[in-house]
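In order, the protein sequences belong to chains A and B. For the first sequence, position 48 matches number 47 in numbering that gives the first Met the number 0, and the numbering has no gaps at all. For the second sequence, position 71 matches number 70 in numbering that gives the first Met the number 0, and the numbering has no gaps at all.
Please keep in mind that the hints were generated in silico from the structure rather than gathered at the bench. Note that the structure is a prediction, hence the values are computed from the model and not measured. Any given hint could turn out to be false.
[Unchecked claim] Ranges of calculated distance between the beta carbons of each label pair, as one might list FRET restraints: (1) A:Ala21 with B:Gly41: 31 to 39 Å; (2) B:Leu65 with A:Val44: 50 to 58 Å; (3) A:Ala46 with B:Ser34: 37 to 45 Å; (4) A:Asp8 with B:Pro39: 15 to 23 Å; (5) B:Arg79 with A:Arg79: 19 to 27 Å.
Note that the Cβ used here is the ideal one computed from N, Cα and C, for glycine as well.
2 protein chains.
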Amino acid sequence: MRNRPVDIDRLFHALGDPTRRAILDGLVDRPQSVSQLAQPLGITVTAVMQHLEILEAARLAHTEKLGRVRTCRVEAAGFRALEQWIRDHRTAWERKLDRLGQLLAEEDEIR
Amino acid sequence: MRNRPVDIDRLFHALGDPTRRAILDGLVDRPQSVSQLAQPLGITVTAVMQHLEILEAARLAHTEKLGRVRTCRVEAAGFRALEQWIRDHRTAWERKLDRLGQLLAEEDEIR
DNA sequence: GGAATTGTCAAGTGAATACTTCAGTATTGG
DNA sequence: CCAATACTGAAGTATTCACTTGACAATTCC
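Let the sequences and hints guide you as you build the complete structure.
Written as structure tokens, this is what we have:
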């Protein structure tokens, strides 16, 4: 169960942390170095590195070291895998929900 | 930062656990009782209950007790919130990725 | 070359997680 | 009514997690 295809477990786990989502949001604006990412988050460079490993494993980010600076960018693969998962499950859910009919209506007015 | 709207943190956290995704997959087939869910998973009823609380908080499931049986169903609200999050972020990402141009192409042939 | 910058490594800490067990409490069928 | 069924609640445990500290290593700038 390792990472040839994007692992959905890694993906959800990666996105489950607010700091990591913040890192991604930062990277969407522009590629950034590790310390550039760390500063506004108020956490250590080491912590950012640890998050980056997780984001890379989930293929949500990609990093590359040139000289003493590691440049980090957002990567599309993980995101696409997430979309695919959603698509697959939505169709499955909708199929079943339609079959059950009133269940959907019942859920529409939330609790 | 609590749950009036579906909380994206809860959502990702809820979906980050394989057992919980398995529970949802089971519920998609048909509504089930807590013990019906527990049996094929090989975990205790108590453990399932704990997962259900998390799934309910994320609005991915809804449960209701009638007599001594608690019936669990899949709920659409959480799932819709996830789709919305994806939609929002995809457009943001695509905008930026397009602006960067070659970055996308680069990422297409994975690592 | 030496100091500042930028990142890496190893280890540790406290809190959160996913479970369990065990002792209840309702509910229901015979 | 009594026993089985179905869940609830409190507590405990082992692991994982996010993060830190502190000691390095590599690069770059003056």
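Hints, verified against the model:
no.	hint	verdict
1	A:Ala21 with B:Gly41: 31 to 39 Å	37 Å, holds
2	B:Leu65 with A:Val44: 50 to 58 Å	55 Å, holds
3	A:Ala46 with B:Ser34: 37 to 45 Å	42 Å, holds
4	A:Asp8 with B:Pro39: 15 to 23 Å	19 Å, holds
5	B:Arg79 with A:Arg79: 19 to 27 Å	20 Å, holds
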